[in-house]
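Be aware that the sequence shown starts at 1, since it is given in the working numbering, and climbs by one per residue.
Hints were generated in silico from the structure; no laboratory data involved. Fair warning: there could be bad hints in the mix.
Simulated restraints on C-beta separations [stated by the list, open to error]:
| # | residue 1 | residue 2 | range |
| --- | --- | --- | --- |
| 1 | SER18 | ALA97 | 26 to 36 Å |
| 2 | ALA101 | SER17 | 19 to 29 Å |
| 3 | ASP55 | ALA75 | 20 to 30 Å |
| 4 | LEU7 | GLY106 | 27 to 37 Å |
| 5 | ASN108 | ALA59 | 37 to 47 Å |
| 6 | ARG14 | ALA69 | 15 to 25 Å |
| 7 | ALA75 | VAL25 | 49 to 59 Å |
| 8 | ASP55 | ARG29 | 21 to 31 Å |
| 9 | LYS113 | ASP55 | 40 to 50 Å |
| 10 | MET24 | ILE61 | 19 to 29 Å |
| 11 | GLY112 | LYS40 | 53 to 63 Å |
| 12 | VAL25 | ALA69 | 28 to 38 Å |
| 13 | ALA97 | THR4 | 16 to 26 Å |
Heads up, simulated BS3-like pairs for lysine-lysine below, C-alpha to C-alpha not over 30 Å straight-line [what the hints assert, rightly or not]:
| # | residue 1 | residue 2 |
| --- | --- | --- |
| 14 | LYS67 | LYS44 |
| 15 | LYS40 | LYS67 |
| 16 | LYS114 | LYS84 |
| 17 | LYS103 | LYS78 |
| 18 | LYS103 | LYS81 |
| 19 | LYS84 | LYS67 |
| 20 | LYS104 | LYS74 |
| 21 | LYS78 | LYS110 |
No residue lacks a Cβ here, since even glycine has one placed at the ideal position from N, Cα and C.
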Amino acid sequence: MIKTQSLDEYLGERGLSSPISDYMVDKMRIPHGMTSRQNKQFLKDAEKARNDYSDKRNAAIKEYNSKIAAGTIKAPGKYDKLIKTARGHEDNPSVQAARRALKKRGINWKSGKKL
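Make the full structure from the sequences, and use the hints.
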């Protein structure tokens, strides 16, 4: 069976869902006492990490597109997101709206097939 997967899900499985690197998240503090040489090295390391992350992410996007073209992964169709949302908790308003939208279009939210 061919797996239906969006680009965001594919990147998320590989830890590349964010468009920017999280390398600096834990380093964003005011570095008191850093010399100019330490600061330059710090910025150089951050640039390298940013470029590495960008290269990995771009490679994963190319890999996803090639798998779509080869047919090993199927891109989600027009109603796949609605069906996925409709299978959530019934008290959630977005779930109720997705179920109404699918019913209006004549699609069973449980099976994904025509009513």
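Each hint tested on the structure:
In this structure the hint that SER18 and ALA97 lie 26 to 36 Å apart at CB holds, the actual value being about 28 Å. Our hint of 19 to 29 Å for ALA101 and SER17 holds, since their Cβ atoms are close to 26 Å apart. Range check, ASP55 to ALA75: Cβ separation about 24 Å, and the 20 to 30 Å hint holds. At about 28 Å, the beta-carbon gap between LEU7 and GLY106 stays in the expected band of 27 to 37 Å.
Checked against the hint of 37 to 47 Å, the C-beta distance between ASN108 and ALA59 comes to roughly 39 Å, which is consistent with it. One distance hint, 15 to 25 Å for the beta-carbon pair ARG14 and ALA69, holds here, with the actual separation near 19 Å. At about 31 Å, the beta-carbon gap between ALA75 and VAL25 misses the expected band of 49 to 59 Å. Checked against the given bound of 21 to 31 Å, the beta carbons of ASP55 and ARG29, roughly 27 Å apart, stay inside it.
The hinted range of 40 to 50 Å is satisfied by LYS113 and ASP55, whose Cβ atoms lie roughly 42 Å apart. Evaluation of the 19 to 29 Å hint for MET24 and ILE61 yields a pass: the beta carbon distance comes to about 22 Å. Checked against the given bound of 53 to 63 Å, the beta carbons of GLY112 and LYS40, roughly 56 Å apart, stay inside it. A C-beta distance of roughly 35 Å is found between VAL25 and ALA69, which places it inside the suggested range of 28 to 38 Å.
The hinted window of 16 to 26 Å between ALA97 and THR4 holds, with their beta carbons roughly 22 Å apart. Restraint check for LYS67 and LYS44: the C-alpha separation of about 35 Å exceeds 30 Å, so the hint is violated. The suggested pairing of LYS40 with LYS67 is violated, with an alpha-carbon distance near 40 Å, which exceeds 30 Å. The hinted pair formed by LYS114 and LYS84 meets the criterion: a straight-line CA distance of about 16 Å does not exceed 30 Å.
With a CA separation close to 15 Å, the supplied pair LYS103 and LYS78 stays within the 30 Å bound. Between LYS103 and LYS81, the direct Cα distance comes to roughly 14 Å. Compliance with the 30 Å bound is thereby established for this hinted pair. For the suggested pair LYS84 and LYS67, the alpha carbons sit about 22 Å apart, so the restraint of at most 30 Å is met. For the hint linking LYS104 to LYS74, the alpha-carbon distance of about 25 Å falls within 30 Å, and the restraint holds.
Only pairs whose Cα atoms come within 30 Å are accepted, and LYS78 paired with LYS110 is accepted, the gap being roughly 16 Å.
In the structure shown, a violation is registered for the earlier hints numbered 7, 14 and 15, in ascending order.
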